[in-house]
Amino acid sequence: GAGVSQSPSNKVTEKGKDVELRCDPISGHTALYWYRQRLGQGLEFLIYFQGNSAPDKSGLPSDRFSAERTGESVSTLTIQRTQQEDSAVYLCASSLKGGSGGDTQYFGPGTRLTVL
Amino acid sequence: SQQGEEDPQALSIQEGENATMNCSYKTSINNLQWYRQNSGRGLVHLILIRSNEREKHSGRLRVTLDTSKKSSSLLITASRAADTASYFCATPLNRDDKIIFGKGTRLHILP
Numbered sequence: 686g687a688g689v690s691q692s693p694s695n696k697v698t699e700k701g702k703d704v705e706l707r708c709d710p711i712s713g714h715t716a717l718y719w720y721r722q723r724l725g726q727g728l729e730f731l732i733y734f735q736g737n738s739a740p741d742k743s744g745l746p747s748d749r750f751s752a753e754r755t756g757e758s759v760s761t762l763t764i765q766r767t768q769q770e771d772s773a774v775y776l777c778a779s780s781l782k783g784g785s786g787g788d789t790q791y792f793g794p795g796t797r798l799t800v801l
Numbered sequence: 015s016q017q018g019e020e021d022p023q024a025l026s027i028q029e030g031e032n033a034t035m036n037c038s039y040k041t042s043i044n045n046l047q048w049y050r051q052n053s054g055r056g057l058v059h060l061i062l063i064r065s066n067e068r069e070k071h072s073g074r075l076r077v078t079l080d081t082s083k084k085s086s087s088l089l090i091t092a093s094r095a096a097d098t099a100s101y102f103c104a105t106p107l108n109r110d111d112k113i114i115f116g117k118g119t120r121l122h123i124l125p
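For the record, the sequence lines run as chains Z and F.
Read in order, the letters of the first sequence correspond to residues 686 to 801 in this note's numbering.
Read in order, the letters of the second sequence correspond to residues 15 to 125 in this note's numbering.
Only chain F is shown next, with the shape it has when bound in the complex (with noise of 0.2 Å):
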């Protein structure tokens, strides 16, 4: 089963503009969390929001969410070669414990 749908699949920009993606699911969570995955292998954490917070940052990273809309956005900002990768919300099913990936938005910046 699909719980969250990240938008948009891809996203080219220029380095150093800001990148926004976003992602939407279908049931009720009390946490959402973001992943990088570099080069189709293991993925990496980068941040969590509980369904109490609205907005969290880490560095260059704003994360936003809207649990009346089931959204929720991921913002790079001055964004570097290094971030290109693909992102990943992923949330906990029907307050389960199992986690369920969306299909993720493949980011690139071109030099």
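Just chain Z, same shape as in the assembly (with noise of 0.2 Å):
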């Protein structure tokens, strides 16, 4: 079956231009997450949607960024006002539950964002 997308792939953009990021998870996965990968570093947890359960926004570095999720299926990454530190890879991941049950995560092959 098909994985997790993502769009676009890459992304260029000028600072302060706003962006749009796009996930498509497994169907039937509830879990989703989203993270932010700078150039050789770690993955950088963004947000958490799970279900009908409010999501965890605890990860967003700033009230520039935003995410939402449409039911069980697509979520949107938004980033306003971009800055050049906002260049990373975003990567989207679904499991079919929660972490605390052990689901494996699959990831999408990433949109990478450049800002000049």
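There could be a bad hint or two in this list.
List time: in silico BS3-like cross-link candidates among lysine-lysine, alpha-carbon distance up to 25 Å [to be verified]:
#1 F/40 - Z/742
#2 Z/782 - F/117
#3 F/83 - F/117
#4 Z/742 - Z/782
#5 Z/782 - F/40
#6 F/84 - F/70
#7 F/70 - F/117
#8 F/40 - F/83
#9 F/70 - Z/782
#10 Z/742 - F/117
#11 Z/742 - Z/700
FYI, nobody ran anything at the bench for these hints, they're computed from the structure.
Reconstruct the complex from the two isolated chains, following the hints.
Take a look at the structure:
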């Protein structure tokens, strides 16, 4: 079956512009995660959606970052007024259930964002 | 917040040798996972070990878990060039569902 998909695969934008990144999780997966990875660094947790529960937004670095998820399907991560420091690969992952159940996370290929 | 910390940050070994990476974490967990990342893109799940397990094998991979020391190790035996990648441990935070990744170990297999 289809895996996690993300679009666009690459995005180049100018400082100050808004960008929207999309993630299509695996069908039936209730948990969805967004991570940010700067060049040569580890994964930085951004936000977590689980079913109909309120999302865990504790990793969002500033109020310029927001994310939504429609039911248990597509999610969008929006970055407003982009800054050069936002340049990174943004990774989305989904799992059947949450992490405490030990479910495998399936990652998308990521969106490489470059802010000029 | 940082939950898992991998050690070493980088490791270079000759092809055919064994590679060992370690992960330490801070809170109680009920499972720990290891992932591999090639070329800075999506991660691939390697193996999961539960808190009531001490050791687990999958092909050339061997994972151990010591809950008393809050640490895990990943051993790759008979390394191959294709094993060159970054390896991350991941744990649920505070028994919540949120998964937190460490900073990773960059493994380079020399020909």
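(request) For the pair we were handed, residue 782 of chain Z and residue 40 of chain F, check the Cα-Cα distance against 25 Å. (result) holds (23 Å)
(message) Hint check: residue 742 of chain Z vs residue 782 of chain Z, CA-CA at most 25 Å. Holds or violated?
(response) Since the Cα atoms of residue 742 of chain Z and residue 782 of chain Z sit roughly 18 Å apart, the hinted pair holds (cutoff 25 Å).
(message) So if I understand the rule, the pair passes when the alpha-carbon distance is 25 Å or less; does residue 782 of chain Z with residue 117 of chain F pass?
(response) holds (24 Å)
(message) Holds or violated: residue 84 of chain F and residue 70 of chain F, Cα atoms, limit 25 Å.
(response) holds (16 Å)
(request) Compare the distance between the alpha carbons of residue 83 of chain F and residue 117 of chain F with 25 Å, and conclude whether the hinted pair is satisfied. (result) holds (19 Å)
(message) Does residue 742 of chain Z sit within 25 Å of residue 40 of chain F, going by the straight-line distance between their CA atoms?
(response) Roughly 21 Å between the alpha carbons, so the hint for residue 40 of chain F and residue 742 of chain Z holds.
(message) What's the verdict on residue 70 of chain F and residue 117 of chain F, does the C-alpha distance respect the 25 Å limit or exceed it?
(response) holds (23 Å)
(message) residue 40 of chain F and residue 83 of chain F were given as a pair; does the straight-line alpha-carbon distance stay at or below 25 Å?
(response) Cα-Cα ~10 Å, so holds.
(request) Please work out if residue 70 of chain F and residue 782 of chain Z have their alpha carbons no farther apart than 25 Å. (result) Since the Cα atoms of residue 70 of chain F and residue 782 of chain Z sit roughly 22 Å apart, the hinted pair holds (cutoff 25 Å).
(request) Would you mind confirming whether the straight-line C-alpha gap from residue 742 of chain Z to residue 700 of chain Z stays at or under 25 Å? (result) This hinted pair holds, its Cα atoms lying about 24 Å apart.
(request) For the pair supplied as a hint, residue 742 of chain Z and residue 117 of chain F, confirm whether the alpha-carbon distance does not exceed 25 Å. (result) holds (20 Å)
When the structure is compared with the earlier hints, no violation turns up for any of them.
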